[in-house]
Amino acid sequence: AQKVTQAQTEISVVEKEDVTLDCVYETRDTTYYLFWYKQPPSGELVFLIRRNSFDEQNEISGRYSWNFQKSTSSFNFTITASQVVDSAVYFCALSGAYSSASKIIFGSGTRLSIRP
Amino acid sequence: DGGITQSPKYLFRKEGQNVTLSCEQNLNHDAMYWYRQDPGQGLRLIYYSQIVNDFQKGDIAEGYSVSREKKESFPLTVTSAQKNPTAFYLCASSQRSGYNEQFFGPGTRLTVL
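Chain order of the listed sequences is W and F.
The first sequence: position 48 = 105 (the working numbering), numbered continuously.
The second sequence: position 13 = 1227 (the working numbering), numbered continuously.
The set of hints was computed from the structure by calculation and includes no laboratory data.
Built from N, CA and C at the ideal position, the CB exists for glycine as well.
Any given hint could be a false lead.
[Stated by the list, open to error] The list that follows gives simulated cross-link-like pairs (lysine to aspartate or glutamate, EDC-like), each with its CA atoms no further than 20 Å apart:
(1) W:Lys160 <-> F:Asp1268
(2) W:Lys60 <-> F:Asp1273
(3) W:Lys127 <-> W:Glu74
(4) W:Lys160 <-> F:Asp1273
(5) W:Lys60 <-> W:Glu83
(6) F:Lys1223 <-> F:Glu1286
(7) W:Lys160 <-> F:Asp1244
(8) F:Lys1223 <-> W:Glu101
(9) W:Lys95 <-> F:Glu1315
(10) W:Lys95 <-> W:Glu116
(11) W:Lys60 <-> W:Asp79
(12) W:Lys160 <-> F:Glu1276
[Unchecked claim] Label pairs and their in silico Cβ distance ranges:
(13) W:Ser118 <-> F:Thr1234: 34 to 44 Å
(14) F:Lys1271 <-> W:Pro98: 25 to 35 Å
(15) W:Ala64 <-> F:Asp1244: 42 to 52 Å
(16) W:Phe111 <-> F:Lys1228: 44 to 54 Å
[Unchecked claim] Reference excerpt, derived from the structure (chain F facing chain W, CB under 7 Å, subset only):
(17) Gly1216
(18) Asp1252
(19) Pro1253
(20) Gly1256
(21) Leu1257
(22) Phe1318
Chain W with its partners taken away, still in its complex shape (with noise of 0.2 Å):
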């Protein structure tokens, strides 16, 4: 069975400051993807980025990083000198390639506050 945990439900820092969302996936899979998504008070949710099994580079786009481990079944999510733009809900995700490849399995998110 698939399962996406983030552990972290609510996280609260001050502007400026460095924070790391945490995401550990389970899945029987030799391939599969990762995706981070971001949910703004609007309530739509915005894709951020997506990471297939075989890629474990880590990428930086502006603020934003991941880290993907394979050996702890982990992709991390940081953002670099936090905004308080950057409040939402974040959403880690899993999809398999083959026998689950219909559907994008999420995890419960972590809220991120970002106090100015």
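Since the structure of chain W is already known, use the hints to place chain F on it.
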């Protein structure tokens, strides 16, 4: 602009009534999905469709029904059989393969009075 539209944004219904939520996409995506989100919770899959005239139940399909007569449209009907329908409903679409990212609409907030 390409995207997904959902209407209405807010919907109120009386107990015992069926209600249909609209979802339209112009991204030329084959697959479409419906999710339910309850306050402080993650997303739960209701139904999904990989191709026109075909759809599958997700994890919480009871009390819901869908149709996929056109590639662009995937309406969701919340029936009176759904015990607790008050929630935020999100529609999404993606290329047919599951490994492609899903793009989401703005959502419909349904409240049963």
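Quick rundown of the hints versus the structure:
Proposed proximity of Lys160 (chain W) and Asp1268 (chain F) is supported: the alpha carbons are some 15 Å apart, at most 20 Å. Pair hint Lys60 (chain W) plus Asp1273 (chain F) holds up; C-alpha atoms about 13 Å apart against a cutoff of 20 Å. In summary, the hint linking Lys127 (chain W) to Glu74 (chain W) is not supported, as the alpha carbons are separated by about 27 Å, beyond the 20 Å threshold. A distance of roughly 10 Å separates the Cα atoms of Lys160 (chain W) and Asp1273 (chain F); the hinted pair therefore holds under the 20 Å criterion.
A distance of roughly 5 Å separates the Cα atoms of Lys60 (chain W) and Glu83 (chain W); the hinted pair therefore holds under the 20 Å criterion. In summary, the hint linking Lys1223 (chain F) to Glu1286 (chain F) is supported, as the alpha carbons are separated by about 19 Å, within the 20 Å threshold. Taken as a hint, the Lys160 (chain W) and Asp1244 (chain F) pair is honoured in the structure, with Cα atoms around 14 Å apart against an allowance of 20 Å. Annotation: proposed proximity of Lys1223 (chain F) to Glu101 (chain W) holds, straight-line Cα distance about 11 Å (limit 20 Å).
Of the supplied pair hints, the one linking Lys95 (chain W) and Glu1315 (chain F) holds, its CA atoms being roughly 13 Å apart against a limit of 20 Å. Distance check on the hinted pair: Lys95 (chain W) and Glu116 (chain W) sit about 17 Å apart at the alpha-carbon level, within 20 Å; holds. A hinted pair counts as satisfied when its Cα atoms are at most 20 Å apart, and Lys60 (chain W) with Asp79 (chain W) qualifies at roughly 14 Å. For the suggested pair Lys160 (chain W) and Glu1276 (chain F), the alpha carbons sit about 18 Å apart, so the restraint of at most 20 Å is met.
The hinted window of 34 to 44 Å between Ser118 (chain W) and Thr1234 (chain F) holds, with their beta carbons roughly 39 Å apart. The hint said 25 to 35 Å for the Cβ distance between Lys1271 (chain F) and Pro98 (chain W), and at roughly 31 Å that hint holds. Checked against the hint of 42 to 52 Å, the C-beta distance between Ala64 (chain W) and Asp1244 (chain F) comes to roughly 35 Å, which is inconsistent with it. At about 52 Å, the CB distance of Phe111 (chain W) to Lys1228 (chain F) agrees with the hint of 44 to 54 Å.
Checking Gly1216 (chain F) against chain W: minimum C-beta separation of about 14 Å lies over 7 Å; hint violated. Because the closest C-beta pair between Asp1252 (chain F) and chain W is about 11 Å apart, greater than 7 Å, the hint is violated. At a threshold of 7 Å, the smallest CB-CB gap from Pro1253 (chain F) to chain W is about 11 Å, leaving the interface hint violated. The restraint placing Gly1256 (chain F) at the interface with chain W holds, with a minimum CB-CB distance near 4 Å, inside the 7 Å limit.
Nearest Cβ of chain W to the Cβ of Leu1257 (chain F): about 5 Å, under the 7 Å cut. The hint holds. At about 4 Å, the closest approach between the beta carbon of Phe1318 (chain F) and any beta carbon in chain W falls short of 7 Å, and the interface hint on this residue holds.
In this structure, the earlier hints numbered 3, 15, 17, 18 and 19 are contradicted, and the remaining ones agree with it.
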